[in-house]
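In the order they appear, the protein sequences are chains A and B. The numbers in the working numbering rise by one with no breaks, and the one at position 96 of the first sequence is 96. The numbers in the working numbering rise by one with no breaks, and the one at position 158 of the second sequence is 429.
Please note that the accuracy of each hint is not assured.
Calculated lysine to aspartate or glutamate pairs in the EDC-like style (CA-CA distance at most 16 Å, straight line) [as the list claims (entries may be wrong)]: (1) A:K200 / A:D224; (2) B:K470 / B:E296; (3) B:K447 / B:D374; (4) B:K360 / B:D424; (5) A:K200 / A:E228; (6) B:K305 / B:D277; (7) A:K227 / A:D260; (8) A:K95 / A:D122; (9) A:K3 / B:E412; (10) B:K338 / B:D302; (11) B:K447 / B:E342; (12) A:K22 / A:E151; (13) A:K129 / B:E363; (14) B:K386 / A:D204; (15) A:K129 / B:E364; (16) A:K82 / B:D291; (17) A:K129 / B:E325; (18) A:K3 / B:D436; (19) A:K174 / A:D204; (20) A:K252 / A:D224; (21) A:K101 / B:D277; (22) A:K174 / B:E364; (23) A:K82 / B:E296; (24) A:K147 / A:D186; (25) B:K344 / B:E448; (26) B:K328 / B:E368; (27) B:K308 / B:E342; (28) B:K470 / B:D291; (29) A:K101 / A:E78; (30) B:K470 / B:D310.
Every beta carbon over 12 Å from chain B, so not counted as near; a handful from chain A, in silico [stated by the list, open to error]: (31) H26; (32) I33; (33) Q35; (34) D99; (35) N145; (36) E151; (37) G162; (38) G217; (39) F219; (40) D224.
Keep in mind the hints are simulated off the structure, nothing from the lab. C-beta atoms are modelled at their ideal positions from N, C-alpha and C, and glycine is treated no differently.
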Amino acid sequence: MLKKRLIPCLFLKNGHLVRSEKFSYHQLLGDPIAQVERINSWSADELIYIDISNDDYYDLRRDDKKTKSMGNIYDIIERVSKTCFIPLTFGGNIKTIEDIKERLRRGADKVVINTIAFENTDFIGESAKVFGRQCIVVGIDVKINSKKEYEVYVGHGKISTGLHPVVWAREVEKRGAGEIFLNSIDRDGTAKGYDITLIKMIVDSVSIPVIACGGVGIFEHFIDGIKEGGVSAVSAGNIFNFTENSIIQAKKTLKNAGIDIRPIIKLVNHG
Amino acid sequence: MIAIIDYGLGNLTSVKNALDFLGIESQITNDIQKIQKADKIILPGVGAFGYGMENLKKLDLIEVLNKEVIENKKPFLGICLGMQLICKKSYEEGVFEGLGWIDAQVVRFSLEGEKLLVPHVGWNEVRCNLSSPILTGGNKEQTFYFVHSYYVDIKDKSVVVGWCDYGSSFPAIIQKENIFAVQFHPEKSQTEGLEILRKFSTL
Numbered sequence: 001m002l003k004k005r006l007i008p009c010l011f012l013k014n015g016h017l018v019r020s021e022k023f024s025y026h027q028l029l030g031d032p033i034a035q036v037e038r039i040n041s042w043s044a045d046e047l048i049y050i051d052i053s054n055d056d057y058y059d060l061r062r063d064d065k066k067t068k069s070m071g072n073i074y075d076i077i078e079r080v081s082k083t084c085f086i087p088l089t090f091g092g093n094i095k096t097i098e099d100i101k102e103r104l105r106r107g108a109d110k111v112v113i114n115t116i117a118f119e120n121t122d123f124i125g126e127s128a129k130v131f132g133r134q135c136i137v138v139g140i141d142v143k144i145n146s147k148k149e150y151e152v153y154v155g156h157g158k159i160s161t162g163l164h165p166v167v168w169a170r171e172v173e174k175r176g177a178g179e180i181f182l183n184s185i186d187r188d189g190t191a192k193g194y195d196i197t198l199i200k201m202i203v204d205s206v207s208i209p210v211i212a213c214g215g216v217g218i219f220e221h222f223i224d225g226i227k228e229g230g231v232s233a234v235s236a237g238n239i240f241n242f243t244e245n246s247i248i249q250a251k252k253t254l255k256n257a258g259i260d261i262r263p264i265i266k267l268v269n270h271g
Numbered sequence: 272m273i274a275i276i277d278y279g280l281g282n283l284t285s286v287k288n289a290l291d292f293l294g295i296e297s298q299i300t301n302d303i304q305k306i307q308k309a310d311k312i313i314l315p316g317v318g319a320f321g322y323g324m325e326n327l328k329k330l331d332l333i334e335v336l337n338k339e340v341i342e343n344k345k346p347f348l349g350i351c352l353g354m355q356l357i358c359k360k361s362y363e364e365g366v367f368e369g370l371g372w373i374d375a376q377v378v379r380f381s382l383e384g385e386k387l388l389v390p391h392v393g394w395n396e397v398r399c400n401l402s403s404p405i406l407t408g409g410n411k412e413q414t415f416y417f418v419h420s421y422y423v424d425i426k427d428k429s430v431v432v433g434w435c436d437y438g439s440s441f442p443a444i445i446q447k448e449n450i451f452a453v454q455f456h457p458e459k460s461q462t463e464g465l466e467i468l469r470k471f472s473t474l
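Generate coordinates for the entire structure from the input sequences, incorporating the hints supplied.
The following block contains the structure:
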């Protein structure tokens, strides 16, 4: 049986790991590499990194702090891929085919594209043609707008698109997305649980795997995402950053709920 | 030295990283002389079949692969698309001729009405025949990471040494003499995946 996947999502800003809340507040957490080395030995099924650095933004406050910047995203990909033998997905600031190529060359397995997919819808198909569908995960960030309707936002939650998430999900599937990474802006960092209504709506409207993110505060929320939302994979950020042995605990919770999940494996050092 | 064939498709770095981690000497290359000198060959790859064959042709790699693997019997490991390329034919976005080392065709999962999603992405169990040298000593049931929409439909079931279920059973691992091939990604399947690469390196 194909197992449900548990996927930590790490948000990066200017080389630092951050905790995100409603896409607007970001708390610095430190070294993204140390975190991944813990996660690997804890049996995560995959790993997603989303780089939310703005090109025109530079966090000057960090210069006098203890946390050293890890430099650019490519250094991080290279470092992580040398020790982490699970699928690695990188998203953020992808604008060209060359951007994808470079991430893969450094050790990424898949990429998440988001804003560019909306700005240039052909980019989804073009990239899927070059790298294969399985490589192209389309990120869909959803917020409940002023009319109390679900709407897709791009530009890290800042730009309204006028698109309903179901319409957009079907479009990205048709154009060649291999998976959908669905995040709820309203739930991000709130620990209130997934937006199951949204998730179920998307799962029911496409036939590619959906990864749910946004809102997990307790491990039981993962069960809701799988059982009620019907997703192929559950993802979260903060719970993995703040809870010790979080992957092991999350997997135990899922297993006890009768969900078929990959057993916890200790990584043996063959070297 | 293991030659990891660079034909412009797929994530070669992952395979190289896994071999480095295991302390196995390897080189990412499409240089014919280097491939001739290598003890073993890995053909990795993700992406479309047609592109894959086209690139192998463009880089003049077909002749050297045939010579080293079929005539000189060098141990060969095909990974994912690399497994599919050694088949006779593929029906991925058209009809394409493959390397033809295995009498099989590459077809899409047809899962209509079964509520199964394509691509087949994630960790799935493989029922392993432990008599194969790349599986010996392991568990009968192992879990590997898959990501593909097409699978190898094979006539001669005796070359299948690992079966996986997705809708129906499909070959996850095949072995025909010195030719090994896996549909999943051993380089992305942690301990059990790395073990396959390690055993392959000792052949």
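Those earlier numbered hints the structure runs against, lowest number first: Of the numbered hints given earlier, the structure breaks none, since each of them holds.
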